[in-house]
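**Student:** Each chain is listed here by its residues.
Protein chains: 2
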Amino acid sequence: MSPELNRKVFDDLSYGLYIVTSRNEDRLNGQIVNTVIQVTSAPPRVAVIINKKNLTHEYISKSKLFGVSVLEESAPFTFFGPFGFRSGREVDKLSKVQFKEGVTRCPLITEHSLSLLEAKVVDQIDLGTHTIFIGDAVNSEVLKEGSPLTYQYYRENMKGKTHQNSPTYAPVK
Amino acid sequence: MSPELNRKVFDDLSYGLYIVTSRNEDRLNGQIVNTVIQVTSAPPRVAVIINKKNLTHEYISKSKLFGVSVLEESAPFTFFGPFGFRSGREVDKLSKVQFKEGVTRCPLITEHSLSLLEAKVVDQIDLGTHTIFIGDAVNSEVLKEGSPLTYQYYRENMKGKTHQNSPTYAPVK
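So the sequences go chain by chain: F and G. Its first residue numbered 1, the first sequence is counted upward by one per residue in our numbering. Its first residue numbered 1, the second sequence is counted upward by one per residue in our numbering.
Treat the hints with care, as some may be off.
Because identical chains share one entry, a pair is satisfied inside a single copy or across any pair of copies.
Here are the computed lysine-lysine pairs in the DSBU-like style, where the Cα-Cα straight-line distance is at most 30 Å [claimed, not checked]:
| no. | residue 1 | residue 2 |
| --- | --- | --- |
| 1 | 120 | 8 |
| 2 | 8 | 100 |
| 3 | 64 | 159 |
| 4 | 53 | 96 |
| 5 | 8 | 64 |
| 6 | 144 | 53 |
| 7 | 144 | 52 |
| 8 | 8 | 96 |
| 9 | 64 | 52 |
| 10 | 144 | 8 |
| 11 | 62 | 159 |
| 12 | 52 | 120 |
| 13 | 100 | 53 |
| 14 | 159 | 120 |
Hints in this document: simulated from the structure, not taken from any laboratory.
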């Protein structure tokens, strides 16, 4: 790494906050992700970036499917925190939240979500620690109007921390 | 496209607003991009998504280099608008703004920017209409403290429109 690299610059990049879900046969899982973006308009495609250590990575790799639930700004940390700081290998993260099965059979979180999206993976890049999955949107639904929760709001107003598996984790010097 | 696909969902995804630059020998160019994200922390890597029709796409493809200037919230539309709605094939977009040459020799906009970043392309995916370029961050600099301009702020407070070459352009039905 160049000595010129000031990590503070990365804090100026803007993101939302989402629960990305997938399934592996009958097992369901989801995790907090800040890197969900639309990458093309025609066809409508989205990308998500997932750490290879995460159970959701294993499920998306196998099923080639993922769901996205867009969190609302008023979603409390006690609601979505467990999706970010616990592994689905230890706890059933879906057991305490309201969700439904989408057309892809991925779970979609209906509580504290503004909208829902499902995608089929059409391409992916190995980024070293993470994989970027590119998916064709196959289903989407607006649940309600409202302000989406942003990563900035989470860090500034909720004093939220960043998991070390996040692509935007900044190592402490 | 599935009849179930509600495009309004894509409006709930959050982005910043950036000027992404590149160079082709002595020619410089830049354009507005909302899809700049950090994709890994170790090493620090960023991704940008650029429409194949754009001159910046040609320059990044040839030079394998790009610069990112993070716009501040108070940046006026009259300043950055020309970067979004004019082509560098018709006008020299850098002629009316303050910029400097980075270590990669990409131009970096120093006016109305919070911070600057330069990257060397290490991988890319063809997304059809767009390409996602993955770059190792090789230089970064914070110019000042402040709130970054978000895509939401641009659309809601500045009544900003989306260029049809944007990955998040929503076709009018």
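**Student:** Next, verify each hint and record whether it holds.
**Tutor:** Evaluation of the provided hints:
In this assembly of identical chains, the alpha carbons of residue 120 and residue 8 lie at most 30 Å apart only when taken from different copies (19 Å versus 34 Å within one copy). For a Cα distance limit of 30 Å, the shortest separation of residue 8 from residue 100 across copies, 20 Å, qualifies, whereas the shortest one inside one copy, 39 Å, does not. Proximity of residue 64 and residue 159 under a CA criterion of 30 Å is satisfied in neither setting, with 34 Å inside one chain copy and 37 Å between copies. Taking the shortest Cα distances, residue 53 and residue 96 sit within 30 Å of each other inside one copy (23 Å), while across copies they are farther apart (47 Å).
Within a single copy, residue 8 and residue 64 get their C-alpha atoms only as close as 34 Å, which misses the 30 Å cut-off; across copies the closest is 24 Å, which meets it. For the homomeric pair residue 144 and residue 53, neither the shortest alpha-carbon distance inside one copy (33 Å) nor that between copies (35 Å) is at most 30 Å. When the C-alpha separation of residue 144 and residue 52 is checked against a cutoff of 30 Å, the pair qualifies neither within a copy, at 33 Å, nor between copies, at 35 Å. In this assembly of identical chains, residue 8 and residue 96 lie within 30 Å of each other by CA distance solely across copies; the values are 28 Å between and 36 Å within a copy.
Proximity of residue 64 and residue 52 under a CA criterion of 30 Å is satisfied in both settings, with 15 Å inside one chain copy and 26 Å between copies. Proximity of residue 144 and residue 8 under a CA criterion of 30 Å is satisfied inter-copy only: 11 Å between copies versus 35 Å inside one chain copy. Proximity of residue 62 and residue 159 under a CA criterion of 30 Å is satisfied in neither setting, with 35 Å inside one chain copy and 42 Å between copies. In the homo-oligomer, the alpha carbons of residue 52 and residue 120 lie at most 30 Å apart both inside one protomer (19 Å) and across protomers (23 Å), since each shortest distance falls under that limit.
In the homo-oligomer, the alpha carbons of residue 100 and residue 53 lie at most 30 Å apart inside one protomer (26 Å), although the nearest pairing across protomers, at 40 Å, exceeds that limit. For the identical chains of this complex, residue 159 and residue 120 are neighbours neither inside a copy (34 Å) nor across copies (33 Å), given an alpha-carbon limit of 30 Å.
Violation of the numbered hints given earlier is confined to hints 3, 6, 7, 11, 14; the remaining hints are satisfied by the structure.
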